[in-house]
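Whole structure, please, built from the sequences with the hints as guidance.
Respectively, the protein sequence lines represent chains A and B. Reading the first sequence from the start, the letters are residues 29 to 220 in my numbering. Reading the second sequence from the start, the letters are residues 29 to 220 in my numbering.
Misleading hints may appear alongside valid ones.
Identical copies look the same in the list; a pair holds intra-copy or inter-copy alike.
Subject to a maximum C-alpha distance of 25 Å in a straight line, what follows is the list of computed SDA-like cross-link-like pairs (lysine to any residue) [unchecked claim]:
1. 70 / 152
2. 208 / 82
3. 36 / 129
4. 149 / 160
5. 36 / 177
6. 55 / 121
7. 36 / 151
8. 149 / 54
9. 30 / 179
10. 70 / 151
11. 91 / 53
12. 70 / 155
13. 92 / 82
14. 92 / 51
15. 91 / 112
16. 55 / 117
17. 36 / 168
18. 70 / 33
If you're looking for bench data, these hints aren't it; they were derived computationally from the structure. Note that the structure is predicted; figures quoted are calculated from it, not measured.
There are 2 protein chains.
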Amino acid sequence: MKKSLGSKVYVYPTPVWVVGTYDREGKPNIMTVAWGGVVCSKPPCVGISLRQATYTYDCLMTKKAFTVSIPSRKYSAEADFIGMASGRDIDKFKETGLTAVRAEYVDAPFVDEFPIILECKLVHTLEIGLHTEFVGEIVDVKADSSVLNYIGVPEIEKINPMVYETGTQNYWALGDFIQKGFTSDRTRFSKD
Amino acid sequence: MKKSLGSKVYVYPTPVWVVGTYDREGKPNIMTVAWGGVVCSKPPCVGISLRQATYTYDCLMTKKAFTVSIPSRKYSAEADFIGMASGRDIDKFKETGLTAVRAEYVDAPFVDEFPIILECKLVHTLEIGLHTEFVGEIVDVKADSSVLNYIGVPEIEKINPMVYETGTQNYWALGDFIQKGFTSDRTRFSKD
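Structure below.
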């Protein structure tokens with residue numbers, strides 16, 4: 029018998045992504061989000077959700093472009109700080125010592141130290157409630173060679189992305205390999 | 029210098045969620061999705077993206093309700109199978125031996141064996157491309173007592189959710205605790 033916990037955001041796992049935008053003056057800004065996910069395969073699109081009160085909201089509405097830089101676990105303190113401070117008050121690149129690089133295809137900056145980044149052009153906005161969802165078409169992915177396998181595909185173990193835990197607000201690392209996808213037949217369901 | 033990989037869905041991490049719906053005849057159906065995420069805190073909402081070709085798409089359009097059941101890692105084979113087979117052809121509850129339970133607040137079934145479930149009513153649909161995003165308001169979360177801490181909040185380590193790796197299509201487990209969120213000040217950025 030399950031216990032009812034009410035109308036809550038107890039959702040697992042959620043990602044740790046750093047969203048990069050330029051403000052109206054062209055200053056690079058970053059914020060950390062856990063509200064986001066893939067929303068389409070063709071064209072490849074991600075959705076990220078922001079409160080209107082954030083500095084990034086205004087940047088995104090102005091520039092219609094953003095990047096998603098995915099931090100490795102060694103950047104947990106930076107990712108956490110980037111989610112706490114506002115670009116209205118401080119320069120988060122300067123404070124963290126991270127490097128802003130202009131994206132190649134969209135008018136937004138990415139974080140050079142993070143191993144994989146998505147360059148996104150804004151294609152939809154959806155007002156939901158406290159948060160507005162921004163859907164970005166991924167026009168290019170850029171990655172460090174060190175996270176690619178021998179056929180040039182990124183490997184999650186090398187990226188070492190974090191998982192954010194809603195509710196208790198903790199950051200977690202990636203764990204063990206479990207299994208290949210698209211391999212399970214009907215004979216594999218024994219729990220013994 | 030980062031390497032350009034083109035317009036791809038190389039996005040990390042993505043979740044492993046089992047979406048439950050009733051079809052037009054009231055038969056319970058489930059499918060596994062990795063395209064999804066939290067999209068709003070107030071009201072609490074999740075988004076999941078489906079192709080129109082899926083059986084669940086029609087069920088969702090008809091019933092305007094769904095559940096998200098989050099499998100523990102020991103159910104990786106079931107989750108994988110539920111993502112491969114179609115409810116048009118087989119009864120996935122019957123094939124996997126999983127138990128369909130009618131949700132309390134919405135017209136959709138959840139998976140009783142999975143430790144935490146979200147009951148969602150459909151509040152938005154957004155056609156993006158190959159996938160349509162369905163935004164559901166989380167009207168209730170239900171969890172096994174075994175995954176709750178002493179104040180009744182779920183703990184991700186007890187839920188033991190999986191991470192899906194796009195590109196290479198692998199399932200991964202949750203790893204180590206890294207740090208508490210909202211604790212990082214400007215003195216913590218040394219990588220030494």
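Structure-based check of all given hints:
no.	hint	in the structure
1	70 / 152	both (15 Å within a copy, 20 Å between copies)
2	208 / 82	between (39 Å within a copy, 22 Å between copies)
3	36 / 129	between (37 Å within a copy, 20 Å between copies)
4	149 / 160	both (16 Å within a copy, 18 Å between copies)
5	36 / 177	between (39 Å within a copy, 16 Å between copies)
6	55 / 121	within (10 Å within a copy, 53 Å between copies)
7	36 / 151	between (29 Å within a copy, 16 Å between copies)
8	149 / 54	within (17 Å within a copy, 41 Å between copies)
9	30 / 179	between (45 Å within a copy, 16 Å between copies)
10	70 / 151	both (13 Å within a copy, 23 Å between copies)
11	91 / 53	within (11 Å within a copy, 47 Å between copies)
12	70 / 155	both (23 Å within a copy, 12 Å between copies)
13	92 / 82	within (15 Å within a copy, 32 Å between copies)
14	92 / 51	within (11 Å within a copy, 39 Å between copies)
15	91 / 112	within (23 Å within a copy, 39 Å between copies)
16	55 / 117	within (13 Å within a copy, 54 Å between copies)
17	36 / 168	between (35 Å within a copy, 7 Å between copies)
18	70 / 33	between (36 Å within a copy, 16 Å between copies)
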